[in-house]
Amino acid sequence: MKITQISVFLENRKGRLFDVCSLLGENNINIRALTIAETESFGVLRIVVDKSNMAVKLLKDNGFVANLTHVVAVEVGDNPGGLASVLKVFADNDVNIEYMYGFVEKFSDKALLVFRFADTDMAQQILAKNEIKVVTEKEIEGL
Amino acid sequence: MIWKEQVECADPADLKNLQSDYLRKLTAYIYNNCPVYKKKIDDAGVKPENVKSIDDIKKLPFTTKVDMRDHYPYGLFSTGQSEVREIHVSSGTTGNPTLVGYTKDDVKLWSDVMARTMCCAGAEPGDTIQIAYGYGLFTGGLGFHYGAMEMGLRIIPTSAGQTARQLKIMQEFKPRIIACTPSYALYMAEEARDMGIDPAKGNWKIGIFGAEPWSNSIRREIEELWNMLATDVYGLSEIIGPGVAQECPHKDGLHIFSDVFYPEIINPDTGEDVAEGEDGELVITTLTKQAIPLIRYRTRDIVSINYEKCRCGRTSPRISKIKGRTDDMIVVRGINVFPSQIEHVLVGIEGTQPYYQIVVDRKAHKLDEVEVLVEVEERIFSDEIKELKKLQDKIRKEIGSVLSIGVKVTLVEPKTIERSMGKSKRIVDKRTL
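If you're matching them up, the sequences are chains D and P in order. Count along the first sequence from 1, add 3, and you get the number used in my numbering. Count along the second sequence from 1, add 174, and you get the number used in my numbering.
Chain D with its partners taken away, still in its complex shape:
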């Protein structure tokens, strides 16, 4: 099950992250997960929100460059070695991870991680075969 992530281009300028977050906040959109990848002059903000279509339209209408990407949210045991056991499955099956980051909140006693794979479909098959739980779009909306 894929979920939707929004990526936003940000210049390294004072207040730009604030601009995005306050815009979403004012429109009652909740950020579930967030990460920023940066270079010396620009960054890419990646977020998972409860209303992604609305959020991406809102951002574009306000002059941001934003797009939607499919990512997979994986449940990982919240204990030492929990993440390692999932990563081992990927390593053993030659699944390439482009990047990953954690959720802001949990909705069970497990930790949640967002993965962006080079090949999302293949990664999903491997996850299913190994009975690793992924989170659905509906569950994200209901968080």
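The set of hints was computed from the structure by calculation and includes no laboratory data. Treat the hints with care, as some may be off.
[To be verified] So the derived label-pair ranges between C-beta atoms look like this: (1) P:Asp567 - D:Ala94: 28 to 34 Å; (2) P:Arg507 - D:Asn82: 58 to 64 Å; (3) P:Glu552 - D:Gly85: 44 to 50 Å; (4) P:Lys604 - D:Asn99: 40 to 46 Å; (5) D:Ser25 - P:Lys342: 42 to 48 Å; (6) P:Gln515 - D:Ser88: 53 to 59 Å; (7) D:Ala94 - P:Lys560: 18 to 24 Å; (8) D:Ser25 - P:Asp372: 31 to 37 Å; (9) D:Lys63 - P:Asp603: 54 to 60 Å; (10) D:Pro83 - P:Glu552: 39 to 45 Å; (11) P:Asp567 - D:Asp112: 40 to 46 Å; (12) P:Arg367 - D:Ser25: 46 to 52 Å; (13) D:Gly28 - P:Lys604: 34 to 40 Å; (14) P:Asp372 - D:Pro83: 57 to 63 Å.
Ideal Cβ placement from N, Cα and C applies to all residues, glycine included.
We have chain D already, so just place chain P on it with the hints.
Showing chain P alone in chain D's frame:
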């Protein structure tokens, strides 16, 4: 249609006779009426009676922008101010502004060459033209206005700015022709999309764009966006304003109205003619003007010239699009840099729209640095940093190889580079030279 076929399609020998006749009269006229020119001609050791044919123009001295400024405001006039009917003033970035004046006959001449200009672009009597060049001290708006009146167009004098209104007027009155700066045409397309108007379905079918140098890449961009024919108009206020040269729909050079604006292409360093087709500085003599006729005016625009008869039937020579300036070009670490070179690279790299700015700075270690700011558009944006870095690197390498100097490329958010209603600001030079 061709507005003044007898001169625009004249036999070259007949044209030469006409030009020779005009030059004889002009030389005597300014010698007797303009003390500044009398002195210049005396200093060059020439007597007006020695100027017999157009080829003798080489004996006459050049006129430069510096002459215009040194003799501000009235020194270069050959008539008294009581005969002047209109003046235009351009802002001076250094020192005095430039003043130009027109007698009633000069305005007639201007109307005539502008009527030729619009016909050359493909206008037909009865068409409607939206004139979005600034009206006022800038020559663009009124020059088009006079020409459109002369050739019988319906004029919508919107002047520049108020973009939303420009677009509404386009939709309501359906003008087939738009006249404005190329950067404003691009800007309006962006605004149209923001307003939910598809520019490709716009009413403008012919654009007459000028007042700033623009490349063929920008032309393609405008033609695709607006689904129109985009033509280049050339002019400068010192000569008359717009109406010096204009592209026909073949878009293979700009026809210069050489029966009244005699062109020479010279090597800017030696002052000697360059061969036909070679790049050089455009020098123009206004053969028939009255108020401020100029002899061998150095335009500082780099062009080449082609004397072959055009497919459109005109024999008037064609100058290329402006390839650069002898002065505005920037020299960075001894290398001449023209914005068009950078633009060419950006458009060549798929998906990059040509909104960019070149910033030149000289830091503490005293080496000039060039930074190119490029706006990131949605179609090239990726959620992966490595893709954006790849794009940045590609632009950096290609510009570096075209210019032979290293540049820094910075990706910036859309619409953060300053747009202008008039001339676009492609270069920001922060150096104190």
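Against the structure, the hints come out as follows:
1. P:Asp567 - D:Ala94: 28 to 34 Å: Distance hint for Asp567 (chain P), Ala94 (chain D) holds at roughly 30 Å.
2. P:Arg507 - D:Asn82: 58 to 64 Å: With a Cβ separation near 60 Å, Arg507 (chain P) and Asn82 (chain D) satisfy 58 to 64 Å, so the hint holds.
3. P:Glu552 - D:Gly85: 44 to 50 Å: Check failed, 38 Å falls outside 44 to 50 Å.
4. P:Lys604 - D:Asn99: 40 to 46 Å: holds, 44 Å
5. D:Ser25 - P:Lys342: 42 to 48 Å: For Ser25 (chain D) and Lys342 (chain P) the Cβ distance comes to about 33 Å; the hint is violated.
6. P:Gln515 - D:Ser88: 53 to 59 Å: holds, 55 Å
7. D:Ala94 - P:Lys560: 18 to 24 Å: About 21 Å separates the Cβ atoms of Ala94 (chain D) and Lys560 (chain P), which means 18 to 24 Å holds.
8. D:Ser25 - P:Asp372: 31 to 37 Å: At roughly 33 Å between Cβ atoms, Asp372 (chain P) and Ser25 (chain D) fall inside 31 to 37 Å, so the hint holds.
9. D:Lys63 - P:Asp603: 54 to 60 Å: violated, 34 Å
10. D:Pro83 - P:Glu552: 39 to 45 Å: holds, 43 Å
11. P:Asp567 - D:Asp112: 40 to 46 Å: holds, 45 Å
12. P:Arg367 - D:Ser25: 46 to 52 Å: About 26 Å separates the Cβ atoms of Arg367 (chain P) and Ser25 (chain D), which means 46 to 52 Å is violated.
13. D:Gly28 - P:Lys604: 34 to 40 Å: holds, 38 Å
14. P:Asp372 - D:Pro83: 57 to 63 Å: holds, 58 Å
When each numbered hint is compared with the structure, violations occur for hints 3, 5, 9, 12.
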